[in-house]
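Peer 1: Below are the chains, spelled out letter by letter.
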Amino acid sequence: RKEVEQDPGPFNVPEGATVAFNCTYSNSASQSFFWYRQDCRKEPKLLMSVYSSGNEDGRFTAQLNRASQYISLLIRDSKLSDSATYLCVVISLYNFNKFYFGSGTKLNVKP
Amino acid sequence: NAGVTQTPKFRVLKTGQSMTLLCAQDMNHEYMYWYRQDPGMGLRLIHYSVGEGTTAKGEVPDGYNVSRLKKQNFLLGLESAAPSQTSVYFCASSYQSWWGTEAFFGQGTRLTVV
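Respectively, the protein sequence lines represent chains W and Z.
Using this note's numbering, you'd call the opening residue of the first sequence number 12 and step up by one each time.
Using this note's numbering, you'd call the opening residue of the second sequence number 218 and step up by one each time.
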């Protein structure tokens, strides 16, 4: 079983739409959670960390459900520039910072 | 602000050839990683290092070797390249702190083995 699983998409949405991605992780000892964004043929870049209490950064909201072992990302008022692949990432800080990546969810925002 | 720099950015190898990918970071990070990314597979950890002079195997280490002789450099070697090693390779580094961490990536190396 993969450490992190995501729906690969693609999610095709119009500008201004709200879209949500989920991701599940298998290791209950995972301690830190992130969403990374990857543009085509580029390196992944940190979008936001995910905290137990949930956190928001502008149009982006991330939530963690430890009991069900899933992480979510909500994007409101989608922009064309949000088109990218979103990677769910989990790590155990006590396991040499090994980052485990989901295979990514592709988002296409259309005019 | 160099961050994490990988060289080369592109390479085509013939089956059986060897090569070394270089990763350099200027952020004084303890941890460094080599990942490969294939379509539909996400990033898979090849090898990682928790400090100068130490390395360890990740999920897919076969066919690769690594060295970390200096804290800022992490080298990935392919001893005898195979077509199955055609991939995009990313190097990353991270720091450790009580409040968490973040992985910083290089720009990637696109390797084709023919």
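Honestly, the hints are just simulated from the structure, not real lab data.
One or more of the hints may lead you astray.
[As the list claims (entries may be wrong)] Pairs of lysine to aspartate or glutamate, DMTMM-like flavour, derived with a Cα cap of 25 angstroms:
#1 W:Lys53 <-> W:Asp68
#2 W:Lys13 <-> W:Asp68
#3 Z:Lys231 <-> Z:Glu247
#4 W:Lys121 <-> Z:Glu247
#5 W:Lys56 <-> Z:Asp243
#6 W:Lys13 <-> Z:Glu276
#7 W:Lys56 <-> Z:Glu296
#8 W:Lys117 <-> W:Glu67
#9 Z:Lys274 <-> W:Glu14
#10 Z:Lys287 <-> W:Glu54
#11 W:Lys117 <-> Z:Glu276
Peer 1: Now, for every hint given, state plainly whether the structure supports it.
Peer 2: Status of each hint after checking the structure:
no.	hint	in the structure
1	W:Lys53 <-> W:Asp68	holds, 23 angstroms
2	W:Lys13 <-> W:Asp68	violated, 29 angstroms
3	Z:Lys231 <-> Z:Glu247	violated, 34 angstroms
4	W:Lys121 <-> Z:Glu247	violated, 41 angstroms
5	W:Lys56 <-> Z:Asp243	holds, 17 angstroms
6	W:Lys13 <-> Z:Glu276	holds, 11 angstroms
7	W:Lys56 <-> Z:Glu296	violated, 30 angstroms
8	W:Lys117 <-> W:Glu67	holds, 21 angstroms
9	Z:Lys274 <-> W:Glu14	holds, 17 angstroms
10	Z:Lys287 <-> W:Glu54	holds, 24 angstroms
11	W:Lys117 <-> Z:Glu276	holds, 24 angstroms
Comparing the model with each earlier hint shows violations of hints 2, 3, 4, 7; every other hint is respected.
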